[in-house]
Amino acid sequence: QKEVEQDPGPLSVPEGAIVSLNCTYSNSAFQYFMWYRQYSRKGPELLMYTYSSGNKEDGRFTAQVDKSSKYISLFIRDSQPSDSATYLCAMSKDAGKSTFGDGTTLTVKP
Amino acid sequence: EPEVTQTPSHQVTQMGQEVILRCVPISNHLYFYWYRQILGQKVEFLVSFYNNEISEKSEIFDDQFSVERPDGSNFTLKIRSTKLEDSAMYFCASNGQGLPDQPQHFGDGTRLSIL
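Listed in order, the protein sequences are those of chains B and C. Position in the first sequence (from 1) plus 122 gives the number in this note's numbering. Position in the second sequence (from 1) plus 654 gives the number in this note's numbering.
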């Protein structure tokens, strides 16, 4: 079983839709949960960062962590074509070494 | 906003040759990392570095790999004798103290092509 599972998609939505991206994990020691956005041939760009459980909102982005279910989510409201990218979830025990999911490729169509 | 910078952006090397990938982490960060991403695959941890020594390494990081912080600003990854399977994007990352508000920031990577 992979430590971090993420559906690779691809996911295609119309502009303005609400996007839901998810990851599950098996290691209960993970305490730090990150979402990165990656454009082709670029490095991961940090979007959201959550410590332990709970919700965090930043503009159109909301990250949720449910440690009891070992499940994290990223919601994107009012999606734009510029949101088209690969979204990576990543997790860490101590803000050190991060374990990544496979990434979900998102296309937002105008 | 401060950023992690990596050079070169693309490195082409013959199999068996040594290669050094360079990174300048964010200036007040203390923890440094290398990750790699083989084309079409996920980002994988290679090594973390703190206080001038390796703090953790993965099974990928074998004796062919080494890291160094030769001065106060640079952080390097050396592959001593490259193999075809070393072809990948290599990302450097850094963060501050291990606090909840200090996530890792990544550079744009070096694309390493082994011929």
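Hint data in this document are derived by calculation from the structure and do not stem from the laboratory. All residues carry an ideal CB built from backbone N, CA and C; glycine is no exception. The reader is advised that the hints may include incorrect statements.
[Said to hold, decoys possible] Chain B side only, calculated, beta carbon under 8 Å to chain C, not exhaustive: (1) Tyr-193; (2) Phe-197; (3) Ala-207; (4) Leu-210; (5) Lys-219; (6) Thr-221; (7) Asp-224; (8) Gly-225; (9) Leu-228.
Status of the hints after comparison with the structure:
1. Tyr-193: Violated - the Cβ of Tyr-193 (chain B) stays beyond 8 Å from chain C, reaching only about 19 Å at its closest.
2. Phe-197: Where the cut-off is 8 Å and the nearest Cβ of chain C is about 19 Å from Phe-197 (chain B), the hint is violated.
3. Ala-207: 14 Å, violated
4. Leu-210: Since the shortest Cβ distance to chain C is 7 Å, the answer is holds.
5. Lys-219: 5 Å, holds
6. Thr-221: 7 Å, holds
7. Asp-224: 5 Å, holds
8. Gly-225: Gly-225 (chain B) check passes; min Cβ-Cβ to chain C is 6 Å, inside 8 Å.
9. Leu-228: Hint on Leu-228 (chain B): violated, closest Cβ of chain C at ~16 Å, above 8 Å.
The structure does not agree with the numbered hints 1, 2, 3, 9 stated previously, though it agrees with the rest.
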